[in-house]
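Please work from the sequences and hints to get the whole structure.
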Amino acid sequence: MRFLARRLGFYLLTAWAAVTLNFLIPRLMPGDPVDLLVARLKGNVDPAAVEAMKKAFGISDAGLWTQYVDYLGNLFRGELGRSITFFPTEVSTVIADSLPWTIGLVGVATLISYVVGTSLGVLMAWKRGTWLDGVLPAATFLHAVPYFWVALVLVFVFGSTLQWFPGSRAYGLEVTPGVTGDFLASVAYHATLPAVTIVVASMADRILGMRNVMVTTLGEDYVVMAEAKGLTSRRVMWAYAARNAILPNITSFALSLGFVVGGSVLTEIVFSYPGIGSMLLKGVENEDFPLMQGIFLVISLAVLVANLLADLAYVLLDPRTRQ
Amino acid sequence: MNVLEIRDLGVDYQSNSGAVHAVDGVSLDLRRGEILGLAGESGSGKSTLAHAIGRLLRPPAAITGGTVTYHRADGGAVDVLGLRGEELRAFRWAELAVVFQSAMNSLNPVSTVGAQIEDVLRIHRPTMKRNARVERSVELLQRVGISADRRRSYPHELSGGMRQRAAIAIALALNPEIVIMDEPTTALDVVVQRDILHEISALREEYGFAVVFITHDLSLLMEISDRIAIMYAGRVVETGAARALHDTPRHPYTLGLLRSFPRLHGPREELLGIPGTPPDLRALPPGCAFHPRCGQALPDCREISPSLRDGVSCLLNEGKGVR
Numbered sequence: 000m001r002f003l004a005r006r007l008g009f010y011l012l013t014a015w016a017a018v019t020l021n022f023l024i025p026r027l028m029p030g031d032p033v034d035l036l037v038a039r040l041k042g043n044v045d046p047a048a049v050e051a052m053k054k055a056f057g058i059s060d061a062g063l064w065t066q067y068v069d070y071l072g073n074l075f076r077g078e079l080g081r082s083i084t085f086f087p088t089e090v091s092t093v094i095a096d097s098l099p100w101t102i103g104l105v106g107v108a109t110l111i112s113y114v115v116g117t118s119l120g121v122l123m124a125w126k127r128g129t130w131l132d133g134v135l136p137a138a139t140f141l142h143a144v145p146y147f148w149v150a151l152v153l154v155f156v157f158g159s160t161l162q163w164f165p166g167s168r169a170y171g172l173e174v175t176p177g178v179t180g181d182f183l184a185s186v187a188y189h190a191t192l193p194a195v196t197i198v199v200a201s202m203a204d205r206i207l208g209m210r211n212v213m214v215t216t217l218g219e220d221y222v223v224m225a226e227a228k229g230l231t232s233r234r235v236m237w238a239y240a241a242r243n244a245i246l247p248n249i250t251s252f253a254l255s256l257g258f259v260v261g262g263s264v265l266t267e268i269v270f271s272y273p274g275i276g277s278m279l280l281k282g283v284e285n286e287d288f289p290l291m292q293g294i295f296l297v298i299s300l301a302v303l304v305a306n307l308l309a310d311l312a313y314v315l316l317d318p319r320t321r322q
Numbered sequence: 000m001n002v003l004e005i006r007d008l009g010v011d012y013q014s015n016s017g018a019v020h021a022v023d024g025v026s027l028d029l030r031r032g033e034i035l036g037l038a039g040e041s042g043s044g045k046s047t048l049a050h051a052i053g054r055l056l057r058p059p060a061a062i063t064g065g066t067v068t069y070h071r072a073d074g075g076a077v078d079v080l081g082l083r084g085e086e087l088r089a090f091r092w093a094e095l096a097v098v099f100q101s102a103m104n105s106l107n108p109v110s111t112v113g114a115q116i117e118d119v120l121r122i123h124r125p126t127m128k129r130n131a132r133v134e135r136s137v138e139l140l141q142r143v144g145i146s147a148d149r150r151r152s153y154p155h156e157l158s159g160g161m162r163q164r165a166a167i168a169i170a171l172a173l174n175p176e177i178v179i180m181d182e183p184t185t186a187l188d189v190v191v192q193r194d195i196l197h198e199i200s201a202l203r204e205e206y207g208f209a210v211v212f213i214t215h216d217l218s219l220l221m222e223i224s225d226r227i228a229i230m231y232a233g234r235v236v237e238t239g240a241a242r243a244l245h246d247t248p249r250h251p252y253t254l255g256l257l258r259s260f261p262r263l264h265g266p267r268e269e270l271l272g273i274p275g276t277p278p279d280l281r282a283l284p285p286g287c288a289f290h291p292r293c294g295q296a297l298p299d300c301r302e303i304s305p306s307l308r309d310g311v312s313c314l315l316n317e318g319k320g321v322r
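These protein sequence lines are chains A and B, in that order.
Counting in numbering that gives the first Met the number 0, the first sequence tops out at residue 322, every number present.
Counting in numbering that gives the first Met the number 0, the second sequence tops out at residue 322, every number present.
Among the hints, erroneous ones may be present.
Claimed, not checked - Once the Cα atoms are required to be at most 20 Å apart in a straight line, the calculated SDA-like pairs of lysine to any residue come out as:
| hint | chain 1 | residue 1 | chain 2 | residue 2 |
| --- | --- | --- | --- | --- |
| 1 | A | K126 | B | A60 |
| 2 | A | K126 | B | L56 |
| 3 | A | K126 | B | P58 |
| 4 | A | K53 | A | L7 |
| 5 | A | K126 | B | A61 |
| 6 | A | K126 | B | R54 |
| 7 | A | K54 | A | Y67 |
| 8 | A | K53 | A | T84 |
| 9 | A | K126 | B | R83 |
| 10 | A | K126 | B | P59 |
| 11 | B | K319 | B | R301 |
| 12 | A | K126 | A | R233 |
| 13 | A | K126 | B | L55 |
| 14 | A | K281 | A | I298 |
| 15 | B | K319 | B | P298 |
| 16 | A | K281 | A | K126 |
| 17 | A | K126 | B | R57 |
| 18 | A | K53 | A | A14 |
| 19 | A | K126 | B | E85 |
| 20 | A | K126 | B | G84 |
To be verified - Examples of chain A residues toward chain B, derived with CB under 10 Å:
| hint | residue |
| --- | --- |
| 21 | G128 |
| 22 | E219 |
| 23 | D220 |
| 24 | Y221 |
| 25 | V222 |
| 26 | M224 |
| 27 | E226 |
| 28 | S232 |
| 29 | R234 |
| 30 | Y239 |
| 31 | L246 |
| 32 | R321 |
Since the hints were derived computationally from the structure, they do not count as laboratory data.
In this text, a Cβ means the ideal position worked out from N, Cα and C, and glycines have one as well.
In structure tokens form, the structure reads like this:
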């Protein structure tokens, strides 16, 4: 319990630091969205209109401290300001609309990649020296290949050439969103290629990581002893070897979970998927500071939450970390 | 009455520079209920021999020849090296258990001590009820001097001596006929070492299992074993009753070992030790492997490799060894 309280305190402190940086960085940059807009219109703007826009976008000339206090207050009420790209929609609404798509797609794909990749790594270590070693060069190759390249190849082969799967959008134009079979089927159908992209591009890391630790673990005395105990191979492999080998891999899994929210920008862009990544791109293109700020905040909080979960998982899985 | 008969056993390690004969034509008998000490320097093949008997060798080690026969209490004979799959799994631990050198590494760090006894029972005694398993593990732990509430302790919560006791308790779970102890006390301080040795002797009296006790500490073996076998460069160079070996060592190597540690009682003796270093197993000297280090070597020792006759393999005094 004391351990938990200490960790929680640490994460609260980190979250505060992230929020503060998130507040400071845009304000330290020269100019603001309204200046940019004015510049784009070559200055032919009524000063009153500029004032009105500043007010609408929530930009004030108050002191930094006052702004900071206002900012924190707004955060606690869940107000992240209004998006400029999608004016007058609130940033929180934009994020709330796109976040489920990203979490659904990238989250599920990351889970699949982790479970399949880890299991494959365990098997490959267990059966090292057999034909399964042939997977290694393939895994090393995929390990080196960037996400967007896999995405482009998949779109080209299965989207455009073979036309087996749609290469863009999150669901078909013919269905209306809602909890209906048609809609969910369309979502799954459209998610196939981007999900395969993420699984293929990230699974090699899991396979190689797990295999390497597992090979070391198999040399441990407790695995030899488990074998000498006459336990079934399956039990030796999972309950003794893999159970210990997975511990160092939890951290990397937690980090990849944290990056679920922001890490697959390129995949989303290639597939025109309406997730956080696409929104971030639009925000950057339109110099939409409130939106970018909101998305960065969500990403940093997601990374923190994932790390907290990893800490908790560690305590559950490794008795040596409990005090 | 032999419980285990080893005949002409050979184990090779395959390496790039050819095969290394780690165990070379070893023949040994283990009598029912006795403690057989197996002594030798590092690299003499004693641990490899133990692993071969327990069928725990892994590539690149491979058995190249010989037989290991286990005699059941009811008279049936088992060809240990011929056991396959399910037969081997059932043989392990039920008939032959192993206590490894370092209990720190031989206990699964993420599983409680009790669970590590109970999983043996669950696999080998599928009809045993959960309550009975718990009862049995508590009984075993208490028998080796660990209190019942420690059943739920993880290995890292126990001291070195306690861990080794727990490893012994696990070994006794199925009342095996043979317990191989691979340097069980090497990692412990002398006081704890003594406790564990007493415990082993007492348990042996009570349960009547035979012990193969492996160590490089000959003085310790003299105290607890009934018979001793001395290994050098993968071969047994002398066997005999512990007393006889102590009083009248016949192989110059045994003599050297006995003279390499001081006696606490009896007349003062010069500590001689053994000159030179253990041989490189990849390039053994021709003839007797010990002759380059032997003070009494004859010209023939360079050419003729002696075989074990009447408990000693030495050419001195027409094959009777020193004296």
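Here is how each hint holds up against the structure:
Note on A:K126 and B:A60: the hinted pairing holds, with a Cα-Cα distance of about 17 Å set against a maximum of 20 Å. With a C-alpha separation of about 16 Å, the suggested pairing of A:K126 with B:L56 holds against the 20 Å cut-off. The straight-line distance between the Cα atoms of A:K126 and B:P58 is roughly 12 Å, inside the 20 Å bound, and the hint therefore holds. For the given pair, A:K53 sits about 38 Å from A:L7 by alpha-carbon distance, which is inconsistent with the 20 Å threshold.
This hinted pair checks out: A:K126 and B:A61 have alpha carbons roughly 17 Å apart, not beyond 20 Å. Restraint check: the Cα-Cα separation between A:K126 and B:R54 comes to about 18 Å, which is no more than 20 Å; the hinted pair holds. Of the supplied pair hints, the one linking A:K54 and A:Y67 holds, its CA atoms being roughly 17 Å apart against a limit of 20 Å. Restraint check: the Cα-Cα separation between A:K53 and A:T84 comes to about 15 Å, which is no more than 20 Å; the hinted pair holds.
A hinted pair counts as satisfied when its Cα atoms are at most 20 Å apart, and A:K126 with B:R83 qualifies at roughly 18 Å. Between A:K126 and B:P59 the alpha-carbon distance is near 15 Å, which keeps this suggested pair within the 20 Å criterion. Restraint check for B:K319 and B:R301: the C-alpha separation of about 18 Å stays at or below 20 Å, so the hint holds. For the given pair, A:K126 sits about 12 Å from A:R233 by alpha-carbon distance, which is consistent with the 20 Å threshold.
For the suggested pair A:K126 and B:L55, the alpha carbons sit about 16 Å apart, so the restraint of at most 20 Å is met. Of the supplied pair hints, the one linking A:K281 and A:I298 holds, its CA atoms being roughly 16 Å apart against a limit of 20 Å. This hinted pair checks out: B:K319 and B:P298 have alpha carbons roughly 17 Å apart, not beyond 20 Å. For the proposed pair A:K281 and A:K126, the alpha carbon gap of about 48 Å is over 20 Å, so the pair is violated.
Restraint check for A:K126 and B:R57: satisfied, since their Cα atoms lie roughly 13 Å apart, inside the 20 Å limit. At most 20 Å may separate the alpha-carbon atoms for a hinted pair to count; A:K53 and A:A14 exceed this at roughly 28 Å. A hinted pair counts as satisfied when its Cα atoms are at most 20 Å apart, and A:K126 with B:E85 qualifies at roughly 19 Å. With a C-alpha separation of about 16 Å, the suggested pair A:K126 and B:G84 falls inside the 20 Å cut-off, and the hint holds.
Because the smallest distance between the Cβ of A:G128 and any Cβ of chain B comes to about 7 Å, under 10 Å, the interface hint for this residue holds. Taking 10 Å as the C-beta contact cut-off toward chain B, the hint placing A:E219 at the interface holds, the least distance being around 6 Å. At about 4 Å, the closest approach between the beta carbon of A:D220 and any beta carbon in chain B falls short of 10 Å, and the interface hint on this residue holds. With a least beta-carbon distance of about 5 Å to chain B, the hint placing A:Y221 at the interface is held under the 10 Å criterion.
Using the Cβ-Cβ criterion of 10 Å, the hint placing A:V222 at the interface with chain B is satisfied: the shortest such distance is roughly 9 Å. Below 10 Å, beta-carbon pairs count as interface contacts, and A:M224 has one with chain B at about 5 Å; its hint therefore holds. Hint status for A:E226 relative to chain B: holds, with the closest Cβ pair at about 7 Å, below 10 Å. Interface hint at A:S232: satisfied, since its Cβ lies 8 Å from the closest Cβ of chain B, which is below the 10 Å cut-off.
The beta carbon of A:R234 is positioned within 10 Å of a beta carbon in chain B (closest approach about 7 Å), and the interface hint is therefore held. Of the supplied interface hints, the one on A:Y239 holds, with its beta-carbon coming within about 6 Å of a beta-carbon of chain B, less than 10 Å. Using the Cβ-Cβ criterion of 10 Å, the hint placing A:L246 at the interface with chain B is satisfied: the shortest such distance is roughly 8 Å. For A:R321, the interface hint holds, since its Cβ comes within 10 Å of a Cβ in chain B; the closest pair sits about 9 Å apart.
The earlier numbered hints that this structure contradicts are 4, 16 and 18.
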